[in-house]
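A.B. asks: Listed below, chain by chain, are the residues.
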Amino acid sequence: MSGTTPTVRRYTPAARANHWLTAISLVLLALSGLSLFHPSLFFLTGLFGGGAWTRAIHPWIGVVLVFSFAGLFVRFFRLNLPANEDAAWIKGLPEVLKGHEENLPEQGKYNAGQKGVFWGMTILILVLVSSGLVIWDQYFSQYTSIGQKRVAMLTHSIAAICAMLIWIVHVYAAIWVRGTFSGMTRGSVTAGWAWRHHRKWLREEVQKEQGGATPGE
Amino acid sequence: MANTTGVAPTMELVRQSATKGGISGPLPPSANDVAKLIDVSKCIGCKACQSACLEWNDLVEPVGFNTGVYDNPHDLTENTLTLMRFTEWDNPATGDLEWLIRKDGCMHCADPGCLKACPAPGAIVQYQNGIVDFVHEKCIGCGYCIKGCPFNIPRISKADSTAYKCTLCSDRVSVGQGPACAKACPTKAISFGTKADMKTLAESRIKDLKSRGFAEAGLYDPPGVGGTHVMYVLHHNDQPQLYAGLPNNPKISAIVEAWKGVTKYAGLGVLGLAALAGFVHHTVMGADRVTRTDEENGKRVKDGVA
Amino acid sequence: MTNSWTDIKNTDLVVIMGGNAAEAHPCGFKWVIEAKANRGAKLIVVDPRFTRSASVADLYAPIRQGTDIAFLMGVINYLIKNDKIQWEYTKAYTNASYIVQEGYGYSDGLFTGYDESKRDYDRSTWEHEFDDKGFVKSDPTLQHPRCVWNLLKQHVAIYTPELVERICGTPKVKFLKVAEMIGETSRPDKVMTSMYALGWTQHSKGTQNIRAMAMIQLLLGNIGLRGGGMNALRGHSNIQGLTDLGLMSNLLPGYLTLPVDTDRDLATYMSKRAFKPLQPGQMSYWQNYKKFFVSFQKSMWGAAASKDNDFAYDWLPKLDVPGYDILRAFDLMYQGKMTGYFCQGFNPLQSAPNREKCRQALAKLKFLVVMDPLETETSRFWENHGELNLSKPADIQTEVFSLPSTCFAEDEGSLTNSSRLLQWHWPAGDAPGEAKSDVWIMAQLQLRLKALYAKEGGALPEPIVNLAWSYKDPNEPAPAEIAKEINGSAVETLYDPADATKVLLEQGKQLPGFAALRDDGTTACGNWIYSGCFTEAGNMMARRDNSDPDDWGNHPKWAFSWPANRRILYNRASANLSGKAWDPKRKLIEWDGTKWAGYDVPDIVPTAKPDVVMPFIMNQEGVSRLWVRGLLKDGPFPVHYEPFESPRPNLLNPKLKGNPAARVFAGDMAQFGTSEKFPYAATTYRLTEHFHFWTKHNRVNAMLQPELFVEISEELAKEKQIAKGDWVKVTSNRGFIKAKAVVTKRIKPLICDGKPVHVVGIPLHYGFLGAARPGFGTNTLTPFVGDANIETPEFKAFLVDVERIDTGPVMA
Amino acid sequence: MQLELSRRGFLGTAAAGTAIGAFGFGGAEAALAASIRPYKLTGTTETRSTCPYCSVACGVIMYSKGADAAKGKRGEIVHIEGDPDHPTNRGTLCPKGAALLDFVKAPTRTTKPMVRKPGSDKFEPISWDAALDRIARLMKDDRDKNFVARNRDGATVNRWITTGFLAASATTNETAFLTYKVVRSTGMLVFDNQARV
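Protein chains in written order, with our numbering: chain W, 1 to 217; chain F, 218 to 523; chain R, 524 to 1335; chain V, 1336 to 1532.
Calculated directly from the structure, the hints in this document are not laboratory data. If you're wondering where the values come from, they're calculated on a predicted model, not measured in any experiment. Any given hint could turn out to be false.
As the list claims (entries may be wrong) - Calculated lysine-lysine pairs in the BS3-like style (CA-CA distance at most 30 Å, straight line):
(1) F:LYS424 / R:LYS660
(2) R:LYS700 / F:LYS424
(3) F:LYS468 / F:LYS481
Unchecked claim - If you want a taste of the chain R side facing chain F, the calculated C-beta under 8 Å gives, among others:
(4) ALA545
(5) LYS553
(6) SER578
(7) LEU913
(8) PRO1229
Said to hold, decoys possible - Covered by chain W, per the in silico footprint, the following chain F stretches (three or more residues, Cβ under 8 Å):
(9) 352-359
(10) 423-431
(11) 464-477
(12) 511-517
Even for Gly, the Cβ is constructed at its ideal location relative to N, Cα and C.
With the hints as extra help, turn the sequences into a complete structure.
C.D. replies: Here you go:
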């Protein structure tokens, strides 16, 4: 179909860069975090130059993530606001998992699941940042009690697990739903992909194009 | 070799942080256990222990300021591994002032919270004689030990970003000597020997204190952390918190237990399950591919036909 | 100390008053803790502040500083009223039964003979009645109205517990508890020890403070026994040694005294130092004075001191005043009457009272020489450090030399500790830079002076050019050579006086002890009380056998204890008139029918019969003195006097200011403040983290107590709106200091005669040099007056005002 | 004497020398031995002394390294600790004694003779010879000028009271006696020591 398959622009280069920066940060955070989370994964500190480096770098990657994710948030939060079709999507989740999205109402740029990932990550990153600051001893140890730090430690761990769970869902969805990757690699998806998964969005894009409007993000 | 500390030199490693094997839970009592006994009722707060500790360990604590109290420095630091804490207490029962002076520092718990919390393999070790030691070459400076410790003892060095606390002078003990603080202590308020001997010594001290009207005198060897290898004789053992906030019934925080226990395993388990679920789903369902029909419909919309 | 540090473990009761042993002598205080832990001994602390010693005491009683005599006379009154007296001891071993001559009187705080214009007494009425043989009359039944016992009873009767509370601010119940516990030790099998230090000496009546407790110890029969005694805790490592060696204006080594103007020749000098026994059969050991003196002169001038020139008697300077002590020295300097001054390991700018007077005094010198291993404020007195040191260098014409000297780690020799123990030490390191030992420096000065006088002549060159100097290396005599010189040797071969053919000691040999000294110039000895320290058997001070027969803390083979390696002074008094120990469980020495023997070297001739020769052999009477005749300037009994600066009038006689017999220099009287302007009672002291002005140079000690502070009660803090850690300004009539405020429960206002007295505690230790935070010299505040007898400054009791300020010292 | 690791325990009685192997630090425990700081007094020379501070006169042991007998160097003191054989302190030390090394090595130790000239605002280095010659000259000039051979009554008094000497409180008895001889032989009366204060 190459050459002939029509595509729809899904992400601008800036958005893609922003996403991948966020993605890399998250992965590095997960790896470094996990290495300090369970002794059996301590070997992962090797990726960062050893335990001390891992400990030192992890929060700084977190800082990168915060800014990077903030960019994503500003870009995408409007599109992730609840929409009428979300309830039906959630109700029809089993159908989605079976690959029968056609049985559901047409979806906008993001379906309820993707919105879940978005808001889930937003909340968890907020939790991770605030708890992370509490346990970033190098600079902030004097501001909280050890009791508070302990709570932060546990919270940070649980939130990180949750974030990784969402990440797994996100990545798996991208793998399972073939054709998704090109949106984040080349910036566009095939019109067929859009038809199949985000038909409402496809129609809006086409309308905008015809109306001479610049494509929305 | 006449070993005058009466302490068998059993510096065998029985537990290392973030490492499989070794014992779990409190170190079981053994004849090899060593202990430092701090008899608060004999202590005059002279700070010789602090001085000896700095000199033996080649540490330098910067000159600070007077803030209206005798405690100097004002808290434990990476250089001050032991600190005299002064409390002035008007005893309501007698109407007399008591100046309660406690030497603070690592308690060398049988069930060390720091070791439990430490993520760096071998950075915190426990010897068979009960000494809990930090290995700086392996320490990553994460500060988890601080969160794990029920006594608020470890401190991270600004200079080398690793954690410091009293070693019970493991270097001296390993050659048959007692810790530098115990050696220096002018009034022998600090003694060192086998834990059994120290308990016997404590008993005689408690008897003396009771004869002087301290009915609640007792030994502080908190069971919540499996007992400690630094123990106190307190005149008011019913109120340890009088002594600059010595914890009443210290144990490893439930939060730390949760973090280093169930969360550690459950977390990894959940992640593994999620990944497995994806794998199973993919295997069962196959990929969700865009069909030719989808492409055609898409093209139609794109072309403005629909 | 009459006893030793280790002997304290044998006591039943420790009274720490006039000191703070836990703070200033932690490792000696160990033995108090040992006595408590192993014998069930009790500890009483009486102090204006709840000190580190008090923190481990069984009983703490507060007292207003400078009122110790009232307290102690109150204790004597209690002991007498409650019959808590060791009667056998008191009757036999004190002068309780001695009769005082008619004419003696006491009223309103003054004894007979006072001359207000001279601030001195005519002490002639304070004498005993003598019989025609020159022996003191006594009444063993203690019935005579003028026997010492009855005079004492009368003298202390006013010091009731109520008066003690009114003067001292000590609550009556606490005072009575203390008195009761002390009284318990009147039993022959109970012993109390007194541990005191500068808290008693640094008063205008310091000597009498100590006498008061000594009297109590005698009445209780606690002198001479294990675990008893009067234990002065000396301050510095060799302050005992320097005093023993007579490095004071009026002394020769071994507590011999320098001649005064009227001692025109040796015969006159000796006639005043005959020490004839005042009771039949008594030893009066000072009868040997001439042997000690002549042997000393021989050690000074060798062959140049001969019979022909009265053993160079004229070469000793004669005193025209009682003494040129440090206060008089600085007063003369202040008046511009001095040219040069040497400070050898001494930092008087920080240590002497009224710092500003001392600073101005130093600026009037032509030259100042400071020998010290550390930089000192004294050597830099001419520097400007803002408020901390107001000097303007351009205006100061003093030529100042700073000579670097070695410290303990780099030199060799002996130090005498509080237990009178001479211990030898060895060097381990090299002197830093060009630093030299004090011995080298002193030798260089002598050699240069000698050369100058030999060449140029000048005022009386003889004592300088003839000074005995037969050291192997004249430039730097070896410590062992000097130690041998101190011990003494035979100048000529010594023969047995009973058998002229029998050689006792060959010429040049070391003396075995002071018993071998002669008054004919055939022996030389630097310091008779140290004789025996370096004998033909070797250096006794270097002995390191720590064995301790029966674990009594005696350690007889460890180093050398003066006199004669005796560990407990007056140990003869540990046995009764039949020579048996008062307490069989505390045996020290006993009479075996023919001689004295036991654990210690007997403090008596070994063959002296117990019922004949009394134990206090240094006294002409053979017994101890509850009544001290005219030997002290300010009275035969102690009397309560307020400090020169006191928050309260003297309740015994409101007209009296301070000790009426204490010397006050012109101008200094006007410098005393009044309680109207300076309402708070201040005292100065040492902290355990520091040693004087040395350890502020050490980073560890500087860290442990980094900054000058003052301690005040919560009540005063509230009144003056001062919070913990605030800056405060403390002002006396002589100047001010700025320091951090430590607000503490350990100081509480004392209610004296119904009114609260606030105590302000001020540590020493800080200055403008060193590793600690720069701070004021505490002695900026202290008054320039000393004890009536020995001129130790009144550092412990003076008046100040306190106010909160916003910022610390203004430094240049 | 040379010190091989531990010599004694903390309570004071002597113990024989030993090496780490005696404590079971064999091959299996090599890792462990690495986790314990090497005993820092190994190979040092011990010298006995007494603490120079207060009058308890605690016994101390000074540990030094790098002695060079050929050059007459005693080496560098690396540690100071209580002498457990000493009957009074039994190895213990107070906060000052325990930090004696800091006194020996204080940055404010004096290391060369200095002179401050009249009106000057600084110390300047001076040689020992120049300093001592100058001091002796100042002493003699003052003594010759102000020495009192006889008082008003004509009695021989031979005193010198315009120059004074404050003696130390921590120098040795030997220093003190030599000081006494030198000072008293000049007829100096303004002579005192720290015992007074």
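A.B. asks: Each hint should be assessed against the structure and marked as holding or not.
C.D. replies: Going through the hints against the structure:
1. F:LYS424 / R:LYS660: At roughly 54 Å apart (the allowed maximum being 30 Å), R:LYS660 and F:LYS424 break the hint.
2. R:LYS700 / F:LYS424: Holds, because 24 Å separates the two Cα atoms, which is no more than 30 Å.
3. F:LYS468 / F:LYS481: Satisfied, since the Cα-Cα distance of roughly 20 Å is no more than 30 Å.
4. ALA545: Holds - the Cβ of R:ALA545 comes within 8 Å of chain F, reaching about 4 Å at its closest.
5. LYS553: OK, holds: R:LYS553 within 8 Å of chain F, min 5 Å.
6. SER578: Since the shortest Cβ distance to chain F is 4 Å, the answer is holds.
7. LEU913: violated, 24 Å
8. PRO1229: holds, 5 Å
9. 352-359: Holds: 5 residues of the stretch 352-359 of chain F have a Cβ under 8 Å from chain W.
10. 423-431: violated (count 0)
11. 464-477: holds (count 5)
12. 511-517: holds (count 6)
In this structure, the hints that do not hold are numbers 1, 7, 10, in rising order.
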